[in-house]
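Got two chains here, separate frames each, mind docking them using the hints?
Protein chains in written order, with my numbering: chain C, 1 to 360; chain D, 1001 to 1090.
By construction, these hints were calculated from the structure, which means they are not laboratory data. Among these hints, one or two may not hold up.
[Stated by the list, open to error] Listed below are several chain D residues computed to face chain C (Cβ distance under 8 Å; list not exhaustive):
1. G1023
2. F1026
3. P1028
4. V1029
5. T1030
6. G1040
[Stated by the list, open to error] A short list of chain C residues far from chain D (calculated; beta carbon distances all over 10 Å):
7. Y46
8. K274
9. T324
Note that the Cβ used here is the ideal one computed from N, Cα and C, for glycine as well.
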Amino acid sequence: MNNIRQPCVAITGMNAKPENPGPGVAVARCLKESAEFCGQIIGLGYDALDPGLYMEQFVDEGYLLPYPSAGEDALLRRLEEIHKISPIDIMIPCLDAELPSFIRLAHKLNSLGIKTVLPDAEQFRLRNKDLLRELAEHAGIECPGIKSISNIGFFNDCDKRGWEFPLVVKGIFYDAYVVHHKDEASSAFRKIAEQWGYPVLVQKFVKGEEYNLTAIGDGNGQLVAPVMMKKMALTDKGKAWAGVSIYDQELLNAAIRLVAAIKWRGPLEMEVIKDGTGQYQLLEINPRFPAWIYLSHGVLRNLPLALLHIAMNESVPTFSDYRTGMLFIRYAEELVVPISVFEDVVMQGSRSNSKEVSEL
Amino acid sequence: MNATKIPPLLSDTLPRLAISESGFVFDPVTGHSFSVNETGMAVIRLLQQGLSLSEATAELHKDYLEKSEVIERDLLEFIGLLREQVDAGI
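Chain D extracted, bound-state conformation (with noise of 0.2 Å):
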């Protein structure tokens, strides 16, 4: 399996993100706000409860028809655009 840890940055700043049923994202330390779809907020949620890069992609495989390995790849990416947005704040 592969334990690859969120990057610290992000699981700083993760627990504090506020995520509103629409998909609205907001950071109440630095204001900054963006917007994901349904499957992005499915994956902030898991992010936020802790899990690690292996254990979302496996609770993502239990929801979404798709190889472990192409719904990691697609995690990675959008943790790297989510960490974008997060450092944008910073």
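Chain C with its partners taken away, still in its complex shape (with noise of 0.2 Å):
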């Protein structure tokens, strides 16, 4: 492998509740247990009570954002005053929300000398959930029958229009209630429009075992280091709280079709569900790593290093080896941080190592 020098990489996605973590802490994790990794980790969280934010031993500064609602100008202008704080070489989006701004921002965050790793707008727009059916044509993967709706009075009488229950009821970005009745689905639909807006996506259910694929797009229609995991335990969310690393060709196959499709560029996320029959069918493409990215580290596929040497312009490692059975179970811990500490997040929007987040 090629040696890194030593980058400032700034990591979104600092929150990690444990029903649906985010990826940002799993990310840095990768980068600082990785030998070859001797940079900075800058930690980019919304809210001063995202955990990856204090934890020292994988992010050596933290600093708040504002929400993405804040548009992108106010986004940009706090990346240039962090920037001028602790100079930023890569930038590592991890949250499905904020992937449309960076990926606008993206000229502009390279003129700053801040390198990213994106799809375009229209590769991101491929991937929508309402629109997946046709990636998945050119995947040559089946997809359960997806619809935008924006009207609750579709429950009344869906079952007589070939949406029977249950049904999978999505927001754009994020969640998913398996519902069996009507007032159920009214109810979830309530709850996404509520915090993702609309439109609501409803999608057939399909009974299975979870399966996903995590790689990295290089641009040019190459799939980089692909990691594949079956899901073992879910939280009430549904995101997996254990898995293990499996090596399916024929899942693999797809994602090297879907990402010669569109000349995916960045990470990404496949989900799949294998049915009675045995057959996959694609439930989503998230562009970004998944929160479980730490178990590419684990089967000795360090994507996010991976990610580095592509947003620097060096050959990316070949990755010949892969470890099946690699067992991840996930853990919620508690992070004691003296209360001044938190002080300078909520009132400067900043950590810094200068403040030792272990001094009591």
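So, in structure tokens, the structure goes:
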């Protein structure tokens, strides 16, 4: 592998609520635990209680960002401020909702010297949940029917129009509820619309076992360092709480076709379910690393590190080794932080290692 | 001699199964795992070598003081159970 110099890498998604953690802490951990990486990590969060901001073993400095609703100008201004304090070499956004802003800002960030590895707006649009069936066709993979709805009345007679219960009601960015009847569906619709806005998506329910693949698209149609995992335990939000690395050529082929079809650039996660007939069905494509990305380090394909190579136009390692049968089990633990550190984050919007988190 | 063959689905899957000394079996393609006892381990290893049912029966007959018919019946039952475990990951 090429030696990476000592870049300063900014990573978002420092939230880590156990039922639905952001990927940022795991991305930072992959880098910090790589023998090759000697750089700095800046953790970027949206809430003063995002735990990644305080995890000094993985994150050297933590900063708050304005919520995406504040707009791109506010985001850019804040990034410029942070960049002046700690010059950023590479930016790794890890949350779906912020991706459109970072994609639009990519050129401006580049002109500041901040590199990103992101899809373009059209590639990003193609993996929208409501367009997934078209993309699945490219990949030669089945996809359960999905429909955008804006009216709760849809559930009154959906079963007469080919949308029998159970169904999955999903937000455009996050959240999904399996619903078994009209009342349950209406309640899920309201919750999702309130939190994530419209449209709300309805997907046909497929019973089976869930598998995920994560990798990087190099922007030229090549899939880099794929890592596959079978979910073994789920949180209430359906996120993987435990999983095991696998290698399935059929799943891999689908991902190769998909990335080749749209020349995806950047990290991605492909979520599929294996139905009762053994057929994979594509559920979602997420435009970022997943929260379980630390498994990639465990199977000898450290994807965040590979992303740095791509960002710096270095040759990407071949990753010929791969380990199946590596298990991850997530756990929650408490950080103990002096209130003065929390005060800094709340009042100054930042935490640096000059004030030790462990100093009690 | 009985020339019964191992079901095709199993014959595809059997070679890739990883079996530990403790009897823990892991399928690296589906991620499924299950456990077998010492006899089950011996049977899986024989089947992984590509032995037919009759050949596996003959091999087991060398180690177990049972009539061939009983061993074959148990073997068929075990293969059925094994198939259920493997099918669960298909």
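These are the hints, each one checked on the structure:
1. G1023: violated (15 Å)
2. F1026: Cβ of F1026(D) sits 5 Å from chain C, so the hint holds.
3. P1028: holds (4 Å)
4. V1029: holds (5 Å)
5. T1030: Holds. Min distance 7 Å.
6. G1040: violated (19 Å)
7. Y46: Y46(C) is indeed farther than 10 Å from all Cβ atoms of chain D, at 34 Å.
8. K274: K274(C) not clear of chain D: closest Cβ-Cβ about 8 Å, inside 10 Å.
9. T324: violated (4 Å)
The structure is inconsistent with the numbered hints 1, 6, 8 and 9, although it conforms to all the rest.
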